[in-house]
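Q: Assemble the whole structure, with the sequences as input and the hints as a guide.
These protein sequences, in sequence, are chains A and B.
So the first sequence is residues 1 to 758, counted in our numbering.
So the second sequence is residues 1 to 758, counted in our numbering.
One thing to keep in mind: the hints can contain errors.
Stated by the list, open to error - The list that follows gives simulated cross-link-like pairs (lysine-lysine, BS3-like), each with its CA atoms no further than 30 Å apart:
{"id": "1", "chain 1": "B", "residue 1": "K262", "chain 2": "A", "residue 2": "K8"}
{"id": "2", "chain 1": "B", "residue 1": "K400", "chain 2": "B", "residue 2": "K262"}
{"id": "3", "chain 1": "A", "residue 1": "K8", "chain 2": "A", "residue 2": "K422"}
{"id": "4", "chain 1": "B", "residue 1": "K8", "chain 2": "A", "residue 2": "K262"}
Because the hints were derived from the structure by calculation, they are not lab data.
Protein chains: 2
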Amino acid sequence: MRLDAEHKVTGAARFTADLPVPEAIAARVVRSPYPHARVVRVDVSRAAALPGVVAVLTRDDLPPAPYFGVAYRDQPIVATDRVRFVGEPVSAVAAVDTPTADAACQLIDVEYRPLPDLPTVEAAIAPGAPVLHETLEPSGLFGDLGNLSPVPQTNICHHAQFVQGDVEQGLAEADLVFEDRFLVPAVAPLPLEPHAVVAHWMGDGVVVWSSTQHPFPVAQDLARLFGLPLSRVRVIAPPVGGGFGMKAYSKLEPLAVALARKAGRPVRLILDGEEVFQLLTRHAAVCTVKVGVRRDGTLVARRYTVYLDTGAYADTGPRVANKVALRALGPYRTPHARVDVYCVYTTKVPAGSMRGFGGPQVAWATERQMDLVAHRLGLDPLEVRRRNVVRRGEVVRPGKPPMDCEPLEMLERAADLIGWGKPLPRGRGRGLAFGFKDGGGSRTVSTAVVRLHADGSATVSSGSVEIGQGASTILRQIVSLELGVPLQQVTLSPPDTAAVPYDQATSMSRTTVSMGLAVLEAARDVLAQVREFAAEWWGVPVETVEAGGGEVRAGARRATYAEVVAGAFGMPAGEVIGRGYVRTRPGEHDRSFWEMGVGAAEVEVDPETGAVRVVRYVSVVDAGKAINRDLCEGQDEGAAVQGLGHALFEALRFEGGHLLNGSLLEYRVPLAEDVPEEFRSEVVEHGGGPGPYGAKGVAEGGIVAVAPAVGNAVQAATGVAVTELPLTPENLWRMMRARAAQTRHGTVEAPPRPQWCG
Amino acid sequence: MRLDAEHKVTGAARFTADLPVPEAIAARVVRSPYPHARVVRVDVSRAAALPGVVAVLTRDDLPPAPYFGVAYRDQPIVATDRVRFVGEPVSAVAAVDTPTADAACQLIDVEYRPLPDLPTVEAAIAPGAPVLHETLEPSGLFGDLGNLSPVPQTNICHHAQFVQGDVEQGLAEADLVFEDRFLVPAVAPLPLEPHAVVAHWMGDGVVVWSSTQHPFPVAQDLARLFGLPLSRVRVIAPPVGGGFGMKAYSKLEPLAVALARKAGRPVRLILDGEEVFQLLTRHAAVCTVKVGVRRDGTLVARRYTVYLDTGAYADTGPRVANKVALRALGPYRTPHARVDVYCVYTTKVPAGSMRGFGGPQVAWATERQMDLVAHRLGLDPLEVRRRNVVRRGEVVRPGKPPMDCEPLEMLERAADLIGWGKPLPRGRGRGLAFGFKDGGGSRTVSTAVVRLHADGSATVSSGSVEIGQGASTILRQIVSLELGVPLQQVTLSPPDTAAVPYDQATSMSRTTVSMGLAVLEAARDVLAQVREFAAEWWGVPVETVEAGGGEVRAGARRATYAEVVAGAFGMPAGEVIGRGYVRTRPGEHDRSFWEMGVGAAEVEVDPETGAVRVVRYVSVVDAGKAINRDLCEGQDEGAAVQGLGHALFEALRFEGGHLLNGSLLEYRVPLAEDVPEEFRSEVVEHGGGPGPYGAKGVAEGGIVAVAPAVGNAVQAATGVAVTELPLTPENLWRMMRARAAQTRHGTVEAPPRPQWCG
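A: Right, here's the structure in full:
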């Protein structure tokens with residue numbers, strides 16, 4: 001059950017690009033053709049003279065400090081002194097229509113002086129490489145980003161670390177040590193709806209409609225950039241047609257606002273099918289992992305070295321690096337460990353947050369390596385996982401909450417469902433992997449208002465954006481449950497910074513937990529006031545009054561909410577306003593949860609072509625408490641299918657900083673036909689979440705395990721120790737051929753087909 | 001200073017008719033040509049077949065109980081069994097454009113069977129007159145309308161009474177008794193912006209944009225009519241281009257919503273320049289007053305009999321009648337009094353609330369009679385007023401607050417300013433009158449939210465509508481004052497029932513007082529929480545923390561609001577949500593105030609033509625505390641100029657139920673050239689208001705005194721005992737001629753020109 005379904009499937013929902021804004025004109029962006037160059041001159045005279053052109057924005061029109069970014073204020077609204085990636089905005093045109101704006105873009109003469117490009121992490125960290133950002137100003141956007149550790153005068157904008165025990169000692173003490181290197185390419189988040197912004201200066205403030213996941217942080221950025229109080233920046237977030245992190249934080253909003261300011265007219269900026277590839281990617285990662293184990297598969301020590309390619313601007317890169325450091329070890333006990341993650345600038349499209357936030361990249365390494373180790377030891381990967389996985393209540397990471405669900409139980413359930421150990425025909429194999437990540441953010445801020453109307457119906461005011469995840473349903477459910485008011489009588493006030501209270505973000509699988517708690521608190525605040533009002537009205541002590549289930553009771557007295565409101569306000573009028581704050585109080589500990597899942601795949605690999613068919617896929621995720629099972633399953637299924645794309649075919653291909661497949665003609669995401677024939681999401685409820693009724697978020701977990709589960713199954717099917725994504729036919733065929741050659745030449749001993757492969 | 005001035009004068013403000021609503025189609029209304037008729041048949045087949053017509057609404061499309069109204073649910077969305085005034089909606093068309101809708105209206109065949117019309121109060125109360133409404137269902141909209149007293153099986157829908165002492169005994173004991181009859185015609189409220197509504201059904205609810213003063217009561221009506229919870233009815237009130245009461249409560253909204261429901265498309269209904277005359281008028285009144293006085297001018301007894309012509313539907317008529325009963329005696333002590341007010345249905349355009357709510361009509365009687373009595377006794381009208389007027393602290397009406405300002409001081413000031421007692425050339429005269437009314441409503445409900453943002457700026461969420469009165473400025477000022485945040489950093493969330501909390505009404509001069517108090521309470525609630533947050537952050541007792549003036553202090557500690565918010569939420573994020581409720585608690589007494597003013601006019605009357613020129617006009621009003629002097633003066637001046645129109649030339653002329661001058665070609669309101677050469681509004685601050693800082697509302701008071709002040713001046717100038725409005729040249733010329741004839745024939749003794757006339 002989701003309340004916005006009809007709205008969406010009938011086409012009644014209006015997304016940002018659909019909004020009618022009178023006198024709005026079209027904006028188009030001039031983008032850099034160079035991966036790295038000095039911008040010598042921007043001459044817009046010919047463009048400005050074109051009839052129909054209202055304004056041309058250049059670096060000369062920017063506010064004094066025109067830089068923004070999530071970790072660092074490193075990204076200019078349009079390029080100032082230099083460009084750092086192909087597709088970087090250099091100028092923008094506002095004109096009466098899009099063709100005119102496009103034509104004007106062609107008339108803008110930009111003189112560039114090319115600089116050496118840094119197309120790879122290797123090039124960027126090589127000694128003597130040009131430094132892309134000489135100075136780095138932390139954005140200070142959120143408190144938990146305070147731990148930025150750039151390596152000065154390099155392109156390493158952040159070095160994240162996780163250390164426990166003594167990794168060198170651990171490796172020395174291990175029975176066996178293996179080292180593997182795992183590669184994950186950049187991929188495109190590609191929501192169905194392109195990023196769209198309408199910016200409209202009104203009076204002495206600005207109104208922005210944006211397909212954003214973060215209306216409040218965007219408002220904070222715009223306020224700072226344009227010297228406005230927050231109260232004069234209004235960011236409205238219509239329903240978003242998929243975000244996946246790509247629409248997190250400021251993206252096009254500063255440019256649209258600057259252009260609208262110059263134009264003196266509202267402007268509408270909608271990315272086309274190529275530009276969405278020039279906005280944000282998911283970090284490519286190179287993970288080298290040295291693992292020391294006992295012969296029985298028990299982990300003793302692990303040392304990770306991870307490089308994340310964050311492109312030309314850091315965006316959330318440093319936070320992704322922190323998450324990789326935190327999540328690298330997976331849900332496995334490891335007495336000695338060290339994780340070093342380097343977030344590196346290159347001259348490519350910026351990489352930022354995408355569903356899973358580094359989790360999928362590092363899980364590819366960790367969960368593949370569990371299987372590699374098992375293979376090498378001749379053990380069942382299921383058994384190796386059983387042996388190492390943390391149990392409920394066990395400390396997972398220092399300072400983080402202890403494990404809040406039953407990973408082992410979930411593992412067994414996934415194994416059961418995929419038929420682990422049962423016979424399989426040749427060419428097929430099964431794989432298992434944990435999806436392990438923290439969710440919700442260590443610090444979290446959500447605020448909410450619940451209004452109980454004079455007729456007993458209610459409205460929730462929340463800054464959470466409906467990005468397809470079902471926020472607009474779940475928050476109403478919580479109010480309905482708390483007040484005992486039918487769901488159809490509870491509505492949601494749409495996200496609008498002028499009208500609803502602050503929310504930090506619609507990301508990090510946090511909405512049900514963090515906003516859910518704020519809404520819950522607000523609903524309970526309503527009930528507390530209803531009790532007080534009834535006590536006043538009836539002249540009884542408030543302690544004797546109960547409220548809930550749609551009514552108020554004291555002794556033999558009964559009244560509906562509507563009657564109590566009328567009694568309190570002296571007429572059938574008024575309303576009760578409840579507020580809820582979720583915040584991290586001074587000294588309060590980490591508020592995150594463990595977003596746990598297990599993926600299990602059965603694949604069939606065509607020995608001739610290397611084509612992988614995922615015959616069955618099972619995802620077991622813990623929702624803590626599934627307030628809305630349909631939504632949990634929908635999120636989990638969507639995440640798993642998205643993960644299949646990353647496992648099987650998605651990769652952005654760059655050549656010297658130039659993106660080769662940056663269009664919807666050349667890059668595809670999973671289609672309905674890519675969904676496995678047998679596809680099952682099993683949502684379990686272990687009740688340990690910090691959210692309402694023990695709920696957790698489940699928005700991202702389902703993606704994490706997919707690639708390694710499929711990769712593990714591919715190894716089981718083929719014997720090929722795949723370490724690089726995606727598992728395209730071509731890639732796999734090459735690896736199968738190489739392995740066959742090695743086996744023939746005796747380089748690798750072909751292991752006996754183990755019993756656990758079925 | 002008003003913050004929306006630039007927005008308005010540059011044309012940037014968007015009114016309801018300007019709003020872009022995609023796919024909205026045009027609505028036009030078919031109206032009755034008969035003042036009273038049975039509707040036999042409505043055949044829309046030809047209209048429905050016209051290309052471009054999307055829907056035709058008839059009585060068959062209405063919800064089961066299709067009646068609405070402020071006092072009674074007596075008005076159908078479109079006529080059901082009969083029509084009761086010329087212009088009553090009978091059907092409506094939604095079509096692709098207005099010309100098509102108009103053409104379709106012409107094709108709707110309505111068969112009427114005419115019934116006897118009741119064009120006057122006399123006809124309506126005559127024995128055997130047909131009863132226009134056989135049954136009357138009280139709307140119960142607000143608690144204080146509970147005292148409805150219809151006279152069964154008559155056209156008197158309400159009989160309001162005020163009694164003190166024993167009026168017959170008082171009249172018997174008086175030295176002299178006079179009886180006079182005063183006539184006030186119906187006038188048109190005529191705001192610049194016509195009434196406009198856009199209705200849009202979305203999902204299982206409806207969104208309505210309306211040029212309304214009452215978004216919340218309209219939502220309540222729509223919820224009831226269409227069987228929706230309040231939370232699914234969203235009424236948005238864009239800036240309103242003048243309301244004056246005409247846009248109070250539901251007007252066109254039910255029709256637009258019903259039509260949109262049938263059309264399955266948003267519809268836009270905008271009244272044209274004739275239709276605005278068919279929506280609402282101000283009650284015509286006939287007041288007969290018998291007054292008993294002592295020879296020194298002291299009032300002993302007064303008996304009022306007032307008939308209000310409320311037209312075909314009661315609208316606010318009964319409440320206007322209650323106000324007439326309450327206000328009739330003016331601010332004068334009268335030991336024995338009885339006021340009977342009859343609100344009478346006729347077959348004319350409904351009459352409802354307009355600026356002053358019965359106050360202007362009855363003040364014409366009361367304040368003119370004070371002068372008539374003074375003339376008859378040979379006394380100075382100023383002295384007669386001095387002798388009778390209540391003083392501060394004195395009981396004015398039982399159960400109401402005592403007098404909360406200094407009427408005598410205001411009277412003297414107005415007299416001084418108009419030059420009372422100074423010589424005047426022939427043909428000129430001066431007049432004084434009290435403007436006396438209660439304001440704010442005896443019961444009142446406003447709720448508000450104030451949000452303190454993470455940067456220390458603030459947003460007010462209020463349901464008060466900006467109708468030109470300056471609500472959007474004053475509410476921000478109150479927050480700015482309370483928090484000590486610069487005014488430019490305080491913004492206002494626009495009225496939208498989905499987004500801002502409940503407000504009862506933008507009327508009754510109540511916004512600064514009632515919403516002002518709610519906003520003040522919300523701002524103080526913010527400060528209280530800021531103190532708590534700071535105490536928690538600093539680890540000090542909350543009692544030691546002070547907040548205000550933009551900062552928070554405890555001992556030597558200092559922090560900005562922004563710092564405290566960041567401290568409380570653990571990052572530079574979050575916000576503090578303050579709420580304020582203004583309500584009438586169980587058992588709580590009357591919350592109104594006295595909206596007092598004095599008008600003083602100097603006129604010159606052309607003896608040849610009867611043309612009255614208002615040479616000087618002075619209005620002295622008590623604002624209690626003028627939070628914004630410009631706004632107070634603006635309201636007072638606007639009210640006075642509107643009152644001049646009613647004094648000098650405005651009147652709706654009916655003939656047998658047909659309005660003869662119902663268009664902007666035939667009916668005019670005051671222009672800039674009608675403003676007196678010397679025109680002064682003096683706002684005094686007697687500090688006795690119940691609003692913030694002692695404030696009162698001043699929106700209506702200025703209109704009440706105008707007509708009698710001018711009428712009194714006209715009598716002083718001409719000796720003519722004018723009792724009927726308006727004082728057009730033609731009317732006055734006739735009266736002057738009649739008086740001259742009477743004087744010649746000795747019927748009337750020409751009084752000596754008294755000394756106080758100057």
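Q: If a hint holds in the structure, say so; if it does not, say that too.
A: Hint-by-hint comparison with the structure:
1. K262(B) <-> K8(A): Status holds; Cα separation ~22 Å.
2. K400(B) <-> K262(B): Violated - the C-alpha atoms of K262(B) and K400(B) are around 48 Å apart, more than 30 Å.
3. K8(A) <-> K422(A): With a Cα-Cα distance of about 42 Å, the restraint between K8(A) and K422(A) is violated, given a limit of 30 Å.
4. K8(B) <-> K262(A): This hinted pair holds, its Cα atoms lying about 22 Å apart.
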